[in-house]
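*Asks:* The chain contents come next:
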Amino acid sequence: MGRGDSLGELEQLILVAILRLGENAYGAAIRKELELRAGRNITGGSVYATLERLEEKRYVSSRLGEPVAERGGRARTYFKVEAPGIKALQGSYGALKKMAAGVKILPQLS
Amino acid sequence: MVVPRFTAERTVVHRQKQLAGLAARAPLPECPVGDDLDLFLDRAQSHERAAPLWIPACREQPWTMGRVMIVQTSRAGFQACRDQLSRQPRAGCALEERLVFLSNARAPRSVARVKMPDSRGSQVIWMTSQSLAWGDALIALHRLYIVLALTALAFSGMLGIVGCHARSTYGSLRSIRAAGAAPPAWAEFWLLFILPAYAQSLPVDCRDEYEERLKSQGSAQAASWYRANVYASLRDLFLMRLHRFLLPGRRAR
Numbered sequence: 001m002g003r004g005d006s007l008g009e010l011e012q013l014i015l016v017a018i019l020r021l022g023e024n025a026y027g028a029a030i031r032k033e034l035e036l037r038a039g040r041n042i043t044g045g046s047v048y049a050t051l052e053r054l055e056e057k058r059y060v061s062s063r064l065g066e067p068v069a070e071r072g073g074r075a076r077t078y079f080k081v082e083a084p085g086i087k088a089l090q091g092s093y094g095a096l097k098k099m100a101a102g103v104k105i106l107p108q109l110s
Numbered sequence: 111m112v113v114p115r116f117t118a119e120r121t122v123v124h125r126q127k128q129l130a131g132l133a134a135r136a137p138l139p140e141c142p143v144g145d146d147l148d149l150f151l152d153r154a155q156s157h158e159r160a161a162p163l164w165i166p167a168c169r170e171q172p173w174t175m176g177r178v179m180i181v182q183t184s185r186a187g188f189q190a191c192r193d194q195l196s197r198q199p200r201a202g203c204a205l206e207e208r209l210v211f212l213s214n215a216r217a218p219r220s221v222a223r224v225k226m227p228d229s230r231g232s233q234v235i236w237m238t239s240q241s242l243a244w245g246d247a248l249i250a251l252h253r254l255y256i257v258l259a260l261t262a263l264a265f266s267g268m269l270g271i272v273g274c275h276a277r278s279t280y281g282s283l284r285s286i287r288a289a290g291a292a293p294p295a296w297a298e299f300w301l302l303f304i305l306p307a308y309a310q311s312l313p314v315d316c317r318d319e320y321e322e323r324l325k326s327q328g329s330a331q332a333a334s335w336y337r338a339n340v341y342a343s344l345r346d347l348f349l350m351r352l353h354r355f356l357l358p359g360r361r362a363r
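Heads up: the protein sequence lines correspond to chains A and B, in order.
Going by our numbering, the residue at position 35 of the first sequence is 35; the numbering climbs one at a time, nothing skipped.
So the mapping is simple: our numbering equals the position in the second sequence, first residue as 1, plus 110.
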């Protein structure tokens, strides 16, 4: 994994949130998932800025949903984690697990 | 930069052309000689705002017939001549020195002086009615004017683009606010105004969440959340736009 391929903390959290949400992973749902599960109060702007970065790295892909009339014809965008994203997440998670092994004050990762 | 040099040269040529077409009025004060001339010319500067570029300051008087005139080319020589001939009624001293073009060459702006013969054949000293920039100072001034003009042009162009964008944003805002609940209008306007293409779904997401909070927390709480979320997002959204602007080769969705 090159230096530019490493994942930041928010990138990791967003990738996991997308994996958790599955087919229903759109901006607001991702933001709420981060707030509920990770306790991170992140703005919609930050979520999209991170998603754009991840999409540039080809870790996620996106598709537009149906346009909603009561939203001025705008549509939700749904996100999906791609194979390189899963690989990068596994790499980050594996590295963290190895680093945390044996450190008593940290909860041991499965 | 070649342009300010060129425009400065054009300005000087224009100033000289103006001088060529002028005629001095008949009664003019007599030009003093020596050090007195500098004092006289300093005092002769016009204070009228609407004064023409060149004004006649004084006229050199022709030599008196029947007198022997001793011509000096330096002020020291002229002074010595005057001291020696002070008691000689049939002889006089004259100073013929080159008139320095700028009264203060070190100042960024200076009065210019030119000696020219008039229609009667006597020399008239013309001077600019105001202190003006000359030489390198004039080039620097023109450079400043050009930079200011280009900046104003760029700024007005940018203002036009922003104005057009604000207008189209207002159109989007009206269509999006035509149906459903209405979150704070200004916050929604700024969100749409700054929205980069990649985050085009963000207003939909924000509205979804706003409506959920409206039902569960009431309008005041929902509006407060909406404002906080949007205004805190603006920095990231602006940076996204800036990044796309600076790196246009990036993949656009």
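What the hints contain is simulated information worked out from the structure, not anything from laboratory work.
Some clues are possibly wrong.
Pairwise CB distance ranges, derived in the manner of DEER restraints [to be verified]:
id: 1; chain 1: A; residue 1: Arg37; chain 2: B; residue 2: Ala342; range: 15 to 23 Å
id: 2; chain 1: A; residue 1: Gln90; chain 2: B; residue 2: Thr261; range: 20 to 28 Å
id: 3; chain 1: B; residue 1: Thr117; chain 2: A; residue 2: Arg40; range: 56 to 64 Å
id: 4; chain 1: B; residue 1: His275; chain 2: A; residue 2: Glu66; range: 22 to 30 Å
id: 5; chain 1: A; residue 1: Arg40; chain 2: B; residue 2: Ala292; range: 53 to 61 Å
id: 6; chain 1: A; residue 1: Gln90; chain 2: B; residue 2: Ala276; range: 20 to 28 Å
id: 7; chain 1: B; residue 1: Gly270; chain 2: A; residue 2: Met99; range: 49 to 57 Å
From the derived model, a few chain A residues whose C-beta atoms are all more than 12 Å from chain B [what the hints assert, rightly or not]:
id: 8; residue: Leu13
id: 9; residue: Leu19
id: 10; residue: Arg20
id: 11; residue: Gly27
id: 12; residue: Leu89
Backbone N, C-alpha and C fix where the C-beta goes; we use that ideal spot for every residue, glycine too.
*Asks:* Are the hints correct? Go through all of them and say.
*Replies:* Each hint tested on the structure:
1. Judged by the Cβ atoms, the range 15 to 23 Å given for Arg37/A and Ala342/B holds: they are separated by roughly 20 Å.
2. Taking 20 to 28 Å as the suggested C-beta distance range, the pair Gln90/A and Thr261/B does not conform, at roughly 53 Å.
3. In this structure, Thr117/B and Arg40/A meet the distance hint of 56 to 64 Å, their C-beta atoms being roughly 59 Å apart.
4. Hint check: His275/B to Glu66/A, Cβ distance near 27 Å, so the stated range 22 to 30 Å holds.
5. Remark: the range hint 53 to 61 Å for Arg40/A to Ala292/B is contradicted by a beta-carbon distance near 29 Å.
6. Checked against the hint of 20 to 28 Å, the C-beta distance between Gln90/A and Ala276/B comes to roughly 46 Å, which is inconsistent with it.
7. Taking 49 to 57 Å as the suggested C-beta distance range, the pair Gly270/B and Met99/A conforms, at roughly 55 Å.
8. Separation of Leu13/A from chain B is adequate, the least Cβ-Cβ distance of about 16 Å exceeding the 12 Å criterion.
9. The claim that Leu19/A lies off the interface holds: its Cβ sits roughly 19 Å from the closest Cβ of chain B, which is beyond the 12 Å cut-off.
10. Taking the minimum C-beta to C-beta distance to chain B, about 17 Å, the non-interface status of Arg20/A holds against the 12 Å cut.
11. A Cβ of chain B approaches the Cβ of Gly27/A within 12 Å, the least distance being about 4 Å, so the stated non-interface status is violated.
12. With a cut of 12 Å on Cβ distances, Leu89/A stays outside the contact zone with chain B, its closest approach being about 21 Å.
Checked against the numbered hints given earlier, this structure breaks hints 2, 5, 6, 11; the rest are met.
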